[in-house]
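Construct the complete structure from the given sequences, taking the supplied hints into account.
2 protein chains.
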Amino acid sequence: MKKLKNKVLFIFLVTVFINTICIAQESVIEDFVTSKTTQEGKEYPQVNSEGRVRVRISAPEAKKVQLDIGGVKYDLSKDGNGVWIGESAPQDEGFHYYQLNIDGASVPDPGSLYFFGAGRWGSGIEVPAKDQDFYALKNVPHGEVREHIYFSKVNNSTRRCFVYTPPEYNENTSEKYPVLYLQHGGGENETGWSNQGHANLILDNLLAEGKAKPFIIVMDNGTWRMPKKSNSKPQEEGVKRTWPPQGWADGFKNTLIKDIIPMVEANYRTFSDASNRAMAGLSMGGMQTRVITLDRPDLFSSVGMFSGGSISLEDLKKSPDFKEKVKLLFISYGSRELENPRQSSWGDPKENTQALKDSGMNAHFHVSQLTAHEWQSWRRAFKEFATLVFK
Amino acid sequence: MKKLKNKVLFIFLVTVFINTICIAQESVIEDFVTSKTTQEGKEYPQVNSEGRVRVRISAPEAKKVQLDIGGVKYDLSKDGNGVWIGESAPQDEGFHYYQLNIDGASVPDPGSLYFFGAGRWGSGIEVPAKDQDFYALKNVPHGEVREHIYFSKVNNSTRRCFVYTPPEYNENTSEKYPVLYLQHGGGENETGWSNQGHANLILDNLLAEGKAKPFIIVMDNGTWRMPKKSNSKPQEEGVKRTWPPQGWADGFKNTLIKDIIPMVEANYRTFSDASNRAMAGLSMGGMQTRVITLDRPDLFSSVGMFSGGSISLEDLKKSPDFKEKVKLLFISYGSRELENPRQSSWGDPKENTQALKDSGMNAHFHVSQLTAHEWQSWRRAFKEFATLVFK
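The listed protein sequences derive, respectively, from chains C and W.
Each residue of the first sequence is one higher than the one before, counting from 1 in the UniProt record's numbering.
Each residue of the second sequence is one higher than the one before, counting from 1 in the UniProt record's numbering.
It should be emphasised that the hints constitute simulated quantities derived from the structure, not laboratory data.
Take every hint as true, because none was put in to throw you off.
Okay, the calculated bits of chain C under chain W, using three or more residues with CB under 8 Å as the criterion:
no., stretch
1, 37 to 48
2, 55 to 69
3, 93 to 105
4, 117 to 127
5, 144 to 151
Yeah, the Cβ is synthetic: ideal placement off N, Cα and C, and Gly gets one too.
This is how it looks when you write it as structure tokens:
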């Protein structure tokens, strides 16, 4: 009898639990509006105040349509007219890549703007953030983002970068400016920092409030490929295999030092000493910043690594000039990254940065609250970094 | 007996005819390669030497997948792995918008780059042209395309345009330049002339060959909306309804004259007299050029209309200064447009232009061979116009 009672109680509790889930799933707040990343004139995608993303697409003959965002696929449902609609669970504030799946085909949402990330041009959605004002398009003086095409001797090819010049650049024609070399992450390209990151608007807004010094930003393409395996030279015995592999950042380092920096300093009114040169990057771009500035601290006085590792006392031993030459070291992460740290060979970033600070370096550790390895973390990091650099 | 013979002959001929069609359809030349507009790292879309466009997409659960290009939908066929593949009939040389249809859903091809046209960001494909060299990316000095954000008093909003500055602009810092205001077509925007049109590369290449004078190009957004119907003011009796409606170009005219031109002349090193100011546009942008320059010939000395109507002796009567002030009038069409002329209230463009020439104007009529109302016609027109303007 007791057993049966327990069983009934168990079934009852399970039922309540399942119902609760269902009710929780259904209680979607109906205040959806188009996003900043919805194409002009299109009604969808939309976002609500919980951060849910709702998409809609007409696909009368389709059997199954899904919204694929944040690593989860959400089934849409079809109305009588063959139009599919549905929404995701609440997403973090900020920008996210996503796609639609129509009967097994992964395609961009025809209603969204497109961004280069995850190795492809595809859909992105902006979930409004409480602090979105700092990267909003406002009626303030604006700098220009210039598409600059140049020939790279290192790569024997024509390349392009984007160069931000501050609002006053066209006016103060005798003034020179410091330069930040700002790199995107893996699977992204030279368009990321302005399209997704709004680095130009962030700096425009900081400058309008007098919170940053004007500087030029150079955004180039740091994509690298695995070096081809040499058949003639077998793997040396005893050499530890690491990831990223030895020399992975050499290609971009050479392009940056031999082509990009000289090209920028020849074409723009820049100061060309290390005290007016900075490098920063996100994720892979942060790791490139790490490798390149540890190798050439004579070239850069400010260093920013956003979700891209950190620098330890051990690193400083191998790069003895770094501590003296680098006047600003800025390390940042999204709080969700720190909750679920990836395995890293560089140690704990907060502890590392504190150790450098204790040793006398001007080192900063920044955390973006409630964001992950995504653009909102990097927008916030860039904003903080921009208020500190070249001062 | 004779009847039967005829019937047999008829069936025989029909069979031969159908077979011929099938064979013709099947004789696809297998020399497909990725297009310049295929995303880096993607294998499809591809184009062959006939100008056929081949697309491929994995959609295992789909019942029907089509390639929708040039107003025709081509069925794709599915292999054993759920991958759909197929190609179009040969397309004209140059750039075309297209999309995929998956079980009734119209979506961008995940393998292509995206362009703004036909009122949306979507897929585009480049079919190699025999004369593609003139808009190719080469190792020559390159100008910059600058995203310029500004506040428009006329619209009480923040807008953006793209400004091309010639290669020498950053070097010859005391030099001033003439300015061309260059407008896109209906359903396109300020990105069209550089993304689809390659106006920057065309001028870079002409300058490298000494075939054009360096000038600045301003590409803004000329999209207009139907003015709201006034309830208080009924349609005047006897007023002929025309398309485009009376006053349709006033919005952009005001923005151009009151906001854009002053902004450009304040921010760039420009000459600011009419002899160093030109306006041109394609399709709707050509029609805007027509209306605006006929109304204000005091502001522009060179006028280009690409697939956007023409100017008649009758027009000159209503704009008495036009003939004297405008030193270059350039009218162009794709040959396929002239084969199938749209109904126009402006008369035959070739005859109109010849009449102006006969009356003493420096008027040019250009035809792009074997192209329609598409970008290849406008690239060629822009190239010709660029060699004539500001000389």
